[in-house]
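Participant: Sequence:
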Amino acid sequence: MKIAVIKETDATESRVAASAETVKKLTALGAWFVIEQGAGTASGVPDTDYEKAGATIVGSAKEALSGAVAVLKVRRPNKDEIAMIPQEAVVLAIMDPYGHDEALEAMAHAGLTTFAMELMPRITRAQVMDVLSSQANLAGYRAVIDASATYGRAFPMMMTAAGTVPAARVFIMGAGVAGLQAVATARRLGAVVTATDVRPASKEQVESLGAKFIAVEDDEFKQAETAGGYAKEMSKEYQTKQAALVAAHIAKQDIVITTALIPGRPAPKLISADMVESMRPGSVLVDLAVERGGNIEGSVAGEVVTTSSGVTILGHLNVPGRLAASSSQLYAKNLFAFLETMIDKEHKTLKINWDDELVKATNLTRGGAVVHPQFKRSDATATA
Numbered sequence: 001m002k003i004a005v006i007k008e009t010d011a012t013e014s015r016v017a018a019s020a021e022t023v024k025k026l027t028a029l030g031a032w033f034v035i036e037q038g039a040g041t042a043s044g045v046p047d048t049d050y051e052k053a054g055a056t057i058v059g060s061a062k063e064a065l066s067g068a069v070a071v072l073k074v075r076r077p078n079k080d081e082i083a084m085i086p087q088e089a090v091v092l093a094i095m096d097p098y099g100h101d102e103a104l105e106a107m108a109h110a111g112l113t114t115f116a117m118e119l120m121p122r123i124t125r126a127q128v129m130d131v132l133s134s135q136a137n138l139a140g141y142r143a144v145i146d147a148s149a150t151y152g153r154a155f156p157m158m159m160t161a162a163g164t165v166p167a168a169r170v171f172i173m174g175a176g177v178a179g180l181q182a183v184a185t186a187r188r189l190g191a192v193v194t195a196t197d198v199r200p201a202s203k204e205q206v207e208s209l210g211a212k213f214i215a216v217e218d219d220e221f222k223q224a225e226t227a228g229g230y231a232k233e234m235s236k237e238y239q240t241k242q243a244a245l246v247a248a249h250i251a252k253q254d255i256v257i258t259t260a261l262i263p264g265r266p267a268p269k270l271i272s273a274d275m276v277e278s279m280r281p282g283s284v285l286v287d288l289a290v291e292r293g294g295n296i297e298g299s300v301a302g303e304v305v306t307t308s309s310g311v312t313i314l315g316h317l318n319v320p321g322r323l324a325a326s327s328s329q330l331y332a333k334n335l336f337a338f339l340e341t342m343i344d345k346e347h348k349t350l351k352i353n354w355d356d357e358l359v360k361a362t363n364l365t366r367g368g369a370v371v372h373p374q375f376k377r378s379d380a381t382a383t384a
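Each residue of the sequence shown is one higher than the last, beginning at 1 in the working numbering.
Hints should not be assumed to be uniformly reliable.
[Stated by the list, open to error] Capping the alpha-carbon separation at 20 Å, the derived lysine to any residue pairs in SDA-like fashion look like this:
hint	residue 1	residue 2
1	LYS269	GLN242
2	LYS203	VAL192
3	LYS236	PRO263
4	LYS212	VAL192
5	LYS25	GLU346
6	LYS376	ASN363
7	LYS333	GLU118
8	LYS7	SER66
9	LYS2	ALA20
10	LYS333	ASP49
11	LYS2	VAL69
12	LYS351	THR27
13	LYS203	LEU245
14	LYS2	ASP49
15	LYS62	ALA83
16	LYS2	GLN87
17	LYS333	ARG122
18	LYS7	GLY54
19	LYS252	ARG153
20	LYS52	ALA20
Treat the hints as calculated values from the structure; they're not laboratory data.
Required output: the full structure, derived from the provided sequences and hints.
Facilitator: Here's what the structure looks like:
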């Protein structure tokens, strides 16, 4: 049961899909790990650590992928990688399937059996496999660290003989996993923290971390959560009322961090250019949704923008990857937990239970076709 891990080719990707710990655990279950040389270097995992865990190091992705039964990746394989992966091999990765029909068709045409880790259902059994949570948690932490490094003042209130330094005021927009970690981190650093979210359940979570909750709490707000725990898209009327409340609040803040994402849709615009301009010079905004179009007007993916009024907008790409060692460790555990359910422990072979709800929820391509109901094209679409 050969499992391959190769270097990520995306220029912004520093994570790796296996840790020495997960290699050791899967090897004990009958796996033979073959890892491309240097695959874990950017994540703080040298080749020697993999070798000590039982892996074989090879000089190229082609050699690593040859004969592989399973392939573990961080990002969806590109065209060159697809051409090297054996037909019918199982590929686990963060597939980013929304709006990438051609990429899904390419994997299907190559005969790959692919699983999108970000589609893992948020149920108790799958918590250990939840890559969205493991990576968002670190993104929320890193967002505060990045903001504090850019902000030219201290976070906590400091009373000294030379005078008092006021506490920084930090506003978190979106109280999901990333937002709540941002709240907790900013609080630990001594800031005065406020947060907002459209989901009613988030109010108690925010307040339990010592922050103040800011929202228009009308009837629509009370029903603004899907059965899966995600935020619903709000009506234009609600967005207008919330925007007015937020605009007045933002003008008083030193740091604003936005984390709002809706699966499969562009990121909602939460902060207008006028709101940005209302902030004091030296203020900092962090847009964690910049890769999906951004929550902040004026944010640019992969860039740090300073406005004419002296406000800085951080648009870093792949924020979890800015903590590559930690994010890789957690991601590798997510992959291990899911792949373990597909291994026949007695015969030490890959044996997928196609009736498993986790398999059904995440399986994108199989048998030469896109099989996930959310991304499967109709006959009319396919022949258009």
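Participant: Quickly compare the C-alpha distance for LYS351 and THR27 to 20 Å and report which way the hint goes.
Facilitator: Holds - the C-alpha atoms of THR27 and LYS351 are around 16 Å apart, at most 20 Å.
Participant: If you draw a straight line from the CA of LYS2 to the CA of VAL69, is it 20 Å or shorter?
Facilitator: holds (5 Å)
Participant: Assess, step by step, whether the Cα of LYS333 is no farther than 20 Å from the Cα of GLU118, and give holds or violated.
Facilitator: Status holds; Cα separation ~14 Å.
Participant: Can the restraint linking LYS7 and SER66 be considered satisfied, given a maximum Cα separation of 20 Å?
Facilitator: holds (15 Å)
Participant: Would the hint linking LYS25 and GLU346 be met if the CA-CA limit is 20 Å?
Facilitator: holds (15 Å)
Participant: Check the hint pairing LYS2 with ASP49 against an upper bound of 20 Å on the C-alpha distance.
Facilitator: holds (19 Å)
Participant: Straight-line Cα separation of LYS52 and ALA20 no greater than 20 Å?
Facilitator: Given pair LYS52, ALA20 holds - Cα atoms ~8 Å apart, limit 20 Å.
Participant: Please work out if LYS252 and ARG153 have their alpha carbons no farther apart than 20 Å.
Facilitator: Cα-Cα ~16 Å, so holds.
Participant: Mind checking the alpha carbons of LYS376 and ASN363 for me, to see if they're no more than 20 Å apart?
Facilitator: OK: LYS376 and ASN363 at ~11 Å, within 20 Å.
Participant: Just to be careful, I want the Cα atoms of LYS2 and ALA20 compared with a cutoff of 20 Å; is the pair within it?
Facilitator: Holds: LYS2 and ALA20 sit about 16 Å apart, inside 20 Å.
Participant: Taken at face value, is the distance from the CA of VAL192 to the CA of LYS203 at most 20 Å?
Facilitator: Roughly 16 Å separates the two Cα atoms, so the pair holds.
Participant: LYS236 and PRO263 were given as a pair; does the straight-line alpha-carbon distance stay at or below 20 Å?
Facilitator: This hinted pair holds, its Cα atoms lying about 19 Å apart.
Hint check: no violations occur; every hint is consistent with the structure.
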